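Enquirer: One point on numbering: in UniProt numbering, the residue at position 252 of the sequence shown is 252, and numbering is uninterrupted.
Simulated from the structure, these hints should not be mistaken for laboratory data. None of these values were measured; they are calculated from a predicted model. Some hints could be false.
Quick list of the computed label-pair ranges, beta carbon to beta carbon [as the list claims (entries may be wrong)]: (1) Gln64 / Gly287: 25 to 31 Å; (2) Lys374 / Glu213: 26 to 32 Å; (3) Lys88 / Arg45: 44 to 50 Å; (4) Lys284 / Thr381: 39 to 45 Å; (5) Leu51 / Ala191: 40 to 46 Å.
Every residue, glycine too, gets a C-beta built ideally from N, C-alpha and C.
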Amino acid sequence: MPISGRYAAEGQYSLWGALAVVNWINDNGGLDCGGKKVRVRLLYRDSESKLELAQSITEALVTQDKVHFLLSPYGSDLALGVSPIAEKYGVLMAVVGASSDRIFQQGFKYVLGVAAPASQYMVSVLDMVTKKDPTVKKVAILYRDSEFNRQVAEGAKAYAEKLGLQVEVYEVYPSSPKDLTPQILKVKQAAPDIILVASHFADGQLAVQQLAEQKVDAKLIALSVAPLVPDFYKALSEKAECIVGPSHWEPGVRYSPDVAKQRGVEWFGPTREEFITYFKKVAKQMGGQEVEPGYHAAWAAEGVLTILYGVQKAASVNSDKVLAALQNARFMTFFSEFKLDPKTNLNVAHSMVVIQWQSGNRVVVWPPDVAEGKLAYPSLTWDQKAAGQTCK
Numbered sequence: 001m002p003i004s005g006r007y008a009a010e011g012q013y014s015l016w017g018a019l020a021v022v023n024w025i026n027d028n029g030g031l032d033c034g035g036k037k038v039r040v041r042l043l044y045r046d047s048e049s050k051l052e053l054a055q056s057i058t059e060a061l062v063t064q065d066k067v068h069f070l071l072s073p074y075g076s077d078l079a080l081g082v083s084p085i086a087e088k089y090g091v092l093m094a095v096v097g098a099s100s101d102r103i104f105q106q107g108f109k110y111v112l113g114v115a116a117p118a119s120q121y122m123v124s125v126l127d128m129v130t131k132k133d134p135t136v137k138k139v140a141i142l143y144r145d146s147e148f149n150r151q152v153a154e155g156a157k158a159y160a161e162k163l164g165l166q167v168e169v170y171e172v173y174p175s176s177p178k179d180l181t182p183q184i185l186k187v188k189q190a191a192p193d194i195i196l197v198a199s200h201f202a203d204g205q206l207a208v209q210q211l212a213e214q215k216v217d218a219k220l221i222a223l224s225v226a227p228l229v230p231d232f233y234k235a236l237s238e239k240a241e242c243i244v245g246p247s248h249w250e251p252g253v254r255y256s257p258d259v260a261k262q263r264g265v266e267w268f269g270p271t272r273e274e275f276i277t278y279f280k281k282v283a284k285q286m287g288g289q290e291v292e293p294g295y296h297a298a299w300a301a302e303g304v305l306t307i308l309y310g311v312q313k314a315a316s317v318n319s320d321k322v323l324a325a326l327q328n329a330r331f332m333t334f335f336s337e338f339k340l341d342p343k344t345n346l347n348v349a350h351s352m353v354v355i356q357w358q359s360g361n362r363v364v365v366w367p368p369d370v371a372e373g374k375l376a377y378p379s380l381t382w383d384q385k386a387a388g389q390t391c392k
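Please build the complete structure, drawing on both the sequences and the hints.
Expert: Next comes the structure, spelled out in structure tokens:
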């Protein structure tokens, strides 16, 4: 796991999330494996966000440490780079913190996706808005020039068209933009109902600033990645109001044993509250602050829980038996529901949740049965925001 280098923050959170659920399992008597309770051990090394080091560490974990299963390192480039090693040795690996569709297009048998890939990021946003307002028709899509953002945009365009929406604008912008005015003016001319921006933080912030400057109003504005960062509101203030974004998981998401029962699926692992408590404890023990986990931490925890659920059902640590058990499984954790597509090895039951900035708070508004609040719709105009109105 990269706990130094360019992915240090995300890798650290991922490690703490994985350790949190391992500690919870062990504190609750261990994992049931064939009627016997066994303790779970998590071995980790710092890959320093370097591909070659990640590959050598993965090989050593399998051949020297004799681990039964693997978690991928954070980052699509690193996860894709170590996947052939898991495949070579037939060791089941849960992909965490990596969204590139390419990972799951290689035909790997032992590489398991526990969360939605990049192409699915905007699906929940589009489902939400079309169910809220069946009259919406026109969509504008802007995207950063990178593999991840291109996959987000391509997936959004395909799904919008599947829903019968008209994609009026589909524009790429540079990976480090200084000015998005040309793209923003095309959006303004199209007057769309929905604006989708496949962004990261800095360019997403710039997009919102310039949409506000040009007073490009829409019923709904959604961005990937940027709205999930706490500094998003700090940087944009009232301009961030009503902005929505897809997330793999949020602390406010209400997956629970009761929701599992309502959906007719088995519950496995800690509750949301238990996970957050254990995460804070691990973070503090490892020299961090006692902060709430984000989706990176929860995603890594889900990787651990998915493999352990398979071990429990298979009563074995054999990767083939565990994979077979998971291919026939349907269950829920604090992170998501799980159902594996045997063709892609992707969890097709995991859908992105949607957050909206309301009165300075990030609120989960979709899907309805796990949301903590309701979507404020249509969005306030830029003039209304400037006048001090907030989304409620």
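Enquirer: It remains to establish, for every hint, whether it holds in the given structure.
Expert: Results of checking the hints against the structure:
1. In this structure the hint that Gln64 and Gly287 lie 25 to 31 Å apart at CB holds, the actual value being about 27 Å.
2. For Lys374 and Glu213, the hinted distance range of 26 to 32 Å is satisfied, since their beta carbons lie about 29 Å from each other.
3. The beta-carbon spacing between Lys88 and Arg45, approximately 19 Å, falls outside the hinted interval of 44 to 50 Å.
4. The supplied range of 39 to 45 Å is met by Lys284 and Thr381, whose beta-carbon atoms lie about 44 Å from each other.
5. Hint check: Leu51 to Ala191, Cβ distance near 45 Å, so the stated range 40 to 46 Å holds.
Against the hints set out earlier in the document, a violation occurs for number 3 only.
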